[in-house]
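Heads up: the sequence lines are chains A and B, in that order. FYI, our numbering numbers position 333 of the first sequence as 333, with every residue one higher than the one before it. FYI, our numbering numbers position 271 of the second sequence as 271, with every residue one higher than the one before it.
If you're looking for bench data, these hints aren't it; they were derived computationally from the structure. Please note that a few of the clues may not be correct.
No distinction is drawn between identical chains; accordingly, a pair holds when it is met within one copy or between any pair of copies.
Claimed, not checked - In silico lysine-lysine, BS3-like type, Cα no more than 27 Å apart, as pairs:
1) LYS546 to LYS366
2) LYS366 to LYS191
3) LYS130 to LYS460
4) LYS136 to LYS365
Treat the numbers as computed from the prediction; the structure is a model and nothing was measured.
There are 2 protein chains.
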Amino acid sequence: MLPTDPMTEVARSTRRAARSGRKEPVRLEPITIECVSPELDGGRYPVKRVVGDTLVVGADIFKDGHDLVAARVRYRAPGATAWRSVPMRFEFNPDRWLASFPLDRMGTWEFTVEAWTDRFNSWRSGLEKKVAAKQKVDVELLEGAQIVLSAARNTRSSAYRSSLQQVADRMRDETMSLEARARAALAPELKALVDQHYAPDDLTEYRHVLRVRVDRPAAAFASWYEMFPRSATDDPRVHGTFESAAGMLPRIAELGFDVVYLPPIHPIGRTFRKGKNNTLDPEPDDVGSPWAIGSEEGGHDAVDPKLGTLEDFERFVQRANALGLEVALDFALQCSPDHPWVKEHPDWFHIRPDGTIAYAENPPKKYQDIYPLDFWCEDREGLWTACRDLILFWVARGVKQFRVDNPHTKAFAFWEWCIAEVQRLHPETVFFAEAFTRPKRMKSLAKLGFTQSYTYFTWKNTRWELVPYLEELTQGPAAEYFRGNFFANTPDILHEYLQHGGRPAFRIRLLLAGTLLPLYGIYSGYELCENVPVRAGSEEYLDSEKYQIRVRDFDAPGNINADIRMLNRIRRAHAALQQYTNLAFHTSENEQVLFYRKAGRPVPAVVDGLVIPPSVDTHVTGGRSGNGEEGREVSGDDEPSLVAPPSWSSDADLLVAVNLDPHRIHDSMVHVPIEEMGIDPDEPYVVHDLLTGAHYTWRGSRNYIRLDPQQQPGHVLRVERP
Amino acid sequence: MLPTDPMTEVARSTRRAARSGRKEPVRLEPITIECVSPELDGGRYPVKRVVGDTLVVGADIFKDGHDLVAARVRYRAPGATAWRSVPMRFEFNPDRWLASFPLDRMGTWEFTVEAWTDRFNSWRSGLEKKVAAKQKVDVELLEGAQIVLSAARNTRSSAYRSSLQQVADRMRDETMSLEARARAALAPELKALVDQHYAPDDLTEYRHVLRVRVDRPAAAFASWYEMFPRSATDDPRVHGTFESAAGMLPRIAELGFDVVYLPPIHPIGRTFRKGKNNTLDPEPDDVGSPWAIGSEEGGHDAVDPKLGTLEDFERFVQRANALGLEVALDFALQCSPDHPWVKEHPDWFHIRPDGTIAYAENPPKKYQDIYPLDFWCEDREGLWTACRDLILFWVARGVKQFRVDNPHTKAFAFWEWCIAEVQRLHPETVFFAEAFTRPKRMKSLAKLGFTQSYTYFTWKNTRWELVPYLEELTQGPAAEYFRGNFFANTPDILHEYLQHGGRPAFRIRLLLAGTLLPLYGIYSGYELCENVPVRAGSEEYLDSEKYQIRVRDFDAPGNINADIRMLNRIRRAHAALQQYTNLAFHTSENEQVLFYRKAGRPVPAVVDGLVIPPSVDTHVTGGRSGNGEEGREVSGDDEPSLVAPPSWSSDADLLVAVNLDPHRIHDSMVHVPIEEMGIDPDEPYVVHDLLTGAHYTWRGSRNYIRLDPQQQPGHVLRVERP
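Let's have the full structure, built from the sequences with the hints guiding it.
Dropping the structure here:
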């Protein structure tokens, strides 16, 4: 008849239950805490931020009846044992609680929300009203004294304890007038003291501890350059080396890039090696695809002897770093039939009933030069650990960024484990997912830990393709965890827009890539407008560098080095181009002209319909908490921030206009969002084209643009106010 | 250096981890299962349905690589120990898996999603392509034979086992031609056998078991009538009784109501009793407010002796039931100072420092006739159990519906516990939340278990108020759990629209309440268009029945009994008026005329942008599952359905037009959604006004309406096609 004992349920409730996360059909929470943001998939995955960001936390919090509720965000920095807390403030409209705190170091932060009944202020507010209505408040004063005394019992400071006890005594002192006793009770000093020392009796914690992955700023703002070191040569018969490749670094640095990404640098398999243009009958001197990893000379932890030694590679990294460049390596978890693991660990592959190892296939196509790993093999412990150790091996040699080849063909669970493992030890490590697959899969890889992601950008060339895609990336839910990196080309993707659009097409796509998102990149040869496909209708390059050495004269006529140099310089000088969610498209009356604003100052966050100005108070208090168990102060294991916030850059608003048609001049009336930008509709203002140095005087919202793709395919306009 | 052992993590993964729900920083799931719908607050609360509904479950499911994935929904009926399952099918666009199953009994159903790699069909599909490409498939046949043998090992049927073994033998039989072996492997019979008997080796379960609360249909479709039994008298000096009130039941039944709701029927306190019109100085014969519960004569489990005995009440319930009416009681968890609990359990109340019990207050206002209970008192086990037992007490006396007074002033956790407890024993019980508070709190009460909810309907009188509110209720996320019940008036709410709009206002609001939502109600006197407030600007009635007996002549001139009778008859005859989410507003060119469609046939569900036709295959299989631990067949504890689906009613579409202005005639052109309704734009069609019997011939979308509030404030048009 009375099957469940409510007391047992009550005892189970509150924070221990909330922490454990175990399933309870009915949770007994004195306070309701709902709809906490940011929360991704019910807390299953962390959202992403960078060092220097402020995390704004929102929550719906309420309880029965009329008592006041108080709430705070508790949070813990990566590696810290102590929790800190920041009070939440209530916004009547839209009935939401908010707080924020600064994210000042890399790693995975934890946070949650807790709330309690604010008995003192509930009581105090009633007392004020009763005093104003001249009601007798003798019993009220006794009630208030009980709350004050409970605060006194809770404090560790004997000075505060005796202050609180003294006020409580006055409140109960029948020799004093009720008026004097009420005055003592309502003194602001008492409120401050009790607020600080009162221990909630119904502290309720939100049922999830949520996570924020905080990366270094360079993980979210960078210009990438991809190059094959073996092509660093003047003679296609002479294999480039780390040393000759290092000779190209000053040029790349001077163009303003931040990251030099090298396709795999490991020994290349011989068995079923591919010849030039992906043929199956290589000539003896064909160098093969770097993605066919492993030979007698070693596997993923070795370098191709033709490129040099490990020490040569380390010197290459040092040269790059000295020039302000980071080196990113390709991480392609697959093996050529000659990879040492094939002999040492055949059980890490799919072994067929005839004893052979399964090669990759997409029936009826066969890829006999590649053996996929079996991530769910019996010895997965050995395999996963070995794979993680490969990353740690290269991290130890100065590589902090990894472009991961086809992560969607390896176990997702492996990546989640591996990235967490590596970043726990080396939080500065960047994982860049090269997954061109269905959107939900790409998003899932970003959720589970990839720092950056390749995108569909190369295939979005019209306004009708670009606008919704960019809005999805930068304004939709994915903006919390998916950081697109807009490569304008790759060794696999020479889009027909580039094939047919000539030099103007390369300049247009460069400008879009580098101004739409803070992360962008090009693959070597882009600056020379290389645009010949292997055959009509293909996105593969003719004489692809994937299978052969390509010698280039980077100063050849028609190069767009000046565009690249200027773009990267502007990007470094303007905060507007270093942020992800500050993009908004505005009307251009000619659909061939794309017009958008990148806001320079931090954009107000919108949390459930409420606009949170960036100036939100970040009053951080120490780790005080309602019960002794976790009242520890912030302790010494809080290391100082490992990475400084990005250096100063202009916070001006930028307006960008790009002619999307590489073949024709277009003009357009563009609509400047003057109201949002605080520009008076009747006053002229100056827009300064950062690409050319030209200044234009505009007035009102609607202004004229004319773009000749042969001359100037776009404007990057800094708005300069009187 | 190698801090976490991946193998330990792997061993933790799969279903046990998923079930336990405990926090794991990294979950090792071979298959990704995300965005399962319907899911409310990450599975924290159940969604709501009624018996007869089909639950459509959606999920995003994928894994690395190219193997085929298979998935199913596992679900468990209330009280059953066995799980059943239904296969999910994949929709390429929008990349979503779907399944559905029928909800054929009341209670809390559980469901989750599980997925696995479909190794046999992945292999089979490759074999087909290789055979077509005339590739050698000898090793492939050996691989397939291994899968077939694993299915053989898994089956319990020796006949199937030997069939499977025989085919595997043929596939490996080197004396046969490869073609014959491949034919054996590709036989559809083999596919069917393996599909049925194969045991997945990477079965992955979604991390939550989700819940659906399934109510009886009458919980979601009903017409309510509220009456004070003490007013069932011809003489205000003679207190009505259960017996005299039973005399009113035939009239209420004849008007077509389903539920008769009585304000509290318990003994009424004497201390601080309120007089007529809520005065503080009652006369000796004033009857007091029924919400001041408890006197020497008993508390919440007693009846006011003036109304009769408990046996009289039980007879009242029987009379009602015999007329097809259910009786709903008020459940107001508060006590008058004379309530027996005040003496027996003073510790269940707030005891003040002077030893007195705290009365209700909203400083500086005092409500000295009411003592609130302290739901978090030391003896909360005793209090909560006693409160639940009150419900069980009245359930045992035939009451299945409870209108809960001000639930938002009692602990939310108490309600969640109490409702679950009662419904576990008596799943037919309905809890109707009378919470007029901020929207998030009202929604939270619905989430935690309230079957129905009062709404802001009385305050929504213009098109600009009604349309967004109804769209929020019926089309927004709240439609999954919040069932509004549109009371047109209550003893507390006589809106100024009714005060000033005369009889037309009452007819208009009745028509809106009864056609916009399947749940609606009126409070006694509405049918007489009682519209005099206690004073100008108040929503309280003059001579409110809350404080005195009111004698009424229900056949008095100007009554709207005929409207009520007709509306309730139409509601019972049309499925369109029995559903919640089938409402859509359409253009009316005069904003004083509201125009909407209630679709008659089940509306296709929209799951993440995909339209699911109601005919979705509900192929239900037995409880077969991938591992022995839960391969139990559906067992005998599956009781038959307790409640039959609603009886037949017309599934015609209804178009409703209502003149919102009680003072003036309005005409309008209304836009019929002929395309959605499958009406040819060039063919005439007939709309049949169910209120008047008139027929109109319309053509195309735009048609003329003229509504005179004195005559006919609205149309309820059944669309009759040629």
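Worksheet entry | Broken hints, by number | 3
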